[in-house]
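All chains should be built: construct the whole structure from the sequences, respecting the hints.
Residue-level listing of the chains:
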Amino acid sequence: MTLRLICCLCFFLAAPLSAENSVPDPAPAHPELRPVLDDFGGMPGLTALMDTFMEIMLEDPRLRPFFEHTENDRIKRQLAEQFCVILGGDCVYTGRDMVESHNGSIIDRADFNALVEDLQIAMDRHNIPFRSQNKLLAILAPMHREVITPKAE
Amino acid sequence: MSCRSLSRTALIAMAIVLYCHTPLHAQTVDAPAGLSGKLLLTGGVTQVEGSAGGGLTPWAVIGGYGSEDQIGANAYYTRVDVSDYGLDSYGVLVGFYDRFEISLARQRFDTQRIGAALGLGSGFEFEQDIVGLKWRVAGDAVVEQDSWLPQISIGLQHKRNKQGDIVRAVGAQDSSGTDVYISATKLYLAQSLLLNGTLRFTKANQMGILGFGGDRRDSYRAQLEMSAAYLLSRQLAIGAEYRSKPNNLGIADEDDWWDVFLAWAPNKHVSMTLAYVDLGNIVIADDQTGYYFSLQGGF
Chain Z
1 MTLRLICCLC
11 FFLAAPLSAE
21 NSVPDPAPAH
31 PELRPVLDDF
41 GGMPGLTALM
51 DTFMEIMLED
61 PRLRPFFEHT
71 ENDRIKRQLA
81 EQFCVILGGD
91 CVYTGRDMVE
101 SHNGSIIDRA
111 DFNALVEDLQ
121 IAMDRHNIPF
131 RSQNKLLAIL
141 APMHREVITP
151 KAE
Chain L
1 MSCRSLSRTA
11 LIAMAIVLYC
21 HTPLHAQTVD
31 APAGLSGKLL
41 LTGGVTQVEG
51 SAGGGLTPWA
61 VIGGYGSEDQ
71 IGANAYYTRV
81 DVSDYGLDSY
91 GVLVGFYDRF
101 EISLARQRFD
111 TQRIGAALGL
121 GSGFEFEQDI
131 VGLKWRVAGD
141 AVVEQDSWLP
151 QISIGLQHKR
161 NKQGDIVRAV
171 GAQDSSGTDV
181 YISATKLYLA
191 QSLLLNGTLR
201 FTKANQMGIL
211 GFGGDRRDSY
221 RAQLEMSAAY
231 LLSRQLAIGA
241 EYRSKPNNLG
251 IADEDDWWDV
261 FLAWAPNKHV
271 SMTLAYVDLG
281 NIVIADDQTG
291 YYFSLQGGF
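First to last, the sequence lines map onto chains Z and L. Taking our numbering, the leading residue of the first sequence gets 1, the next gets one more, and so forth. Taking our numbering, the leading residue of the second sequence gets 1, the next gets one more, and so forth.
Honestly, the hints are just simulated from the structure, not real lab data. Quick reminder that beta carbons are idealized off the backbone N, C-alpha and C, glycines included. Certain hints may be false.
[Said to hold, decoys possible] Estimated spans, in silico, between C-beta atoms of each pair:
| no. | chain 1 | residue 1 | chain 2 | residue 2 | range |
| --- | --- | --- | --- | --- | --- |
| 1 | L | Asn281 | Z | Glu59 | 54 to 60 angstroms |
| 2 | L | Arg99 | Z | Gly104 | 27 to 33 angstroms |
| 3 | L | Glu127 | Z | Pro129 | 44 to 50 angstroms |
| 4 | L | Gln191 | Z | Ala29 | 38 to 44 angstroms |
| 5 | Z | Glu55 | L | Gln235 | 39 to 45 angstroms |
The structure is reproduced here in structure tokens:
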């Protein structure tokens, strides 16, 4: 017990140090959001959602340029994995971190918001309750820091 | 330009915007690349003095749908009808780079039958023009969901009342004045809840309709304004607002205001707000309650 407590303490003390200069976890698990995952229909629901999401993005002139020459089956699979892990599911995220996975593109805030909009449209089409949509978006929103290309100084 | 022709121009501009941008169906993407990069309703609506916010109070959001690298703009018309008075308000605002907002508004306050009782004549109207400026100084109300910091803006509203002689006759010290405010707005996305608090420093009597400063008091007072909105969907929000007011004039007590509202934005080019408002006592008429309707068009 004491040993566990010390380990715990060490972890918390060490965490801020190791977190410095490292990229945030692209798929932070939120076990408390497990009921939200059920609203998404679990991993099968997420997989179906990503098909719709990618279709909408490829029809969207604002986002098509980002996805027309990419490996979209892999992207859809990894997005489903990422959302599944975030929503407390028993999944593994096999993708890269959010800086690396967006490195090749110039992405601004309007692009980021356009993607959020298309995701919202996809979630609406899959009848995912609005409150549950927002619980997932609340975790994804801060990732704008890694996704959006920093302005040149 | 007369106020009626300005109001007609604003309505025609809105109609053109509506006609050109009405999407085929609500689920389609309604923003072209390079414009309207903000998410639906995250620019707020236009409040009764012309700044982006709720209905009665300015928020820290920058009006229009322009995101960081874009410009957004809109025009609005608002009608408030309470027991004994009517208020028309209309104007335009431009938001630059989600950083800076400039707004122009005109208010026309119709005293209806009370005008006769006050010796001004039935249907006597007070009119004032308002220039607003707002600067976002910190935070982001929408995306910083893991941070406690709200979006914070500072702003001013410079108001010029056109009935200077009459507002001085009721005890006001000035026919023009400048309100200064600081607003904090935060969207609590996991709760689908938006909260705003605004601290306004003002000498205005009934927003400036009855001038600035009074026989009872002629100094700036801090007033608290609060809004809460619950998001029902991307397009629809319900909420309530409260606005405290100073009490400078000897002729009548000035009450705080509150409202409950429903705001609907079918797309990024139009929004409508409907509210029930309680404006309390205004001069000799108590319990001024009624409806508030606002139409807004832009990008």
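Going down the list of hints, with the structure as the test:
A hinted range of 54 to 60 angstroms holds for the C-beta pair L:Asn281 and Z:Glu59, which are about 56 angstroms apart. Distance hint check: the CB atoms of L:Arg99 and Z:Gly104 are about 29 angstroms apart, consistent with the given range 27 to 33 angstroms. A hinted range of 44 to 50 angstroms holds for the C-beta pair L:Glu127 and Z:Pro129, which are about 47 angstroms apart. Remark: the range hint 38 to 44 angstroms for L:Gln191 to Z:Ala29 is contradicted by a beta-carbon distance near 21 angstroms.
The given range of 39 to 45 angstroms is broken by Z:Glu55 and L:Gln235, whose C-beta atoms sit roughly 22 angstroms from each other.
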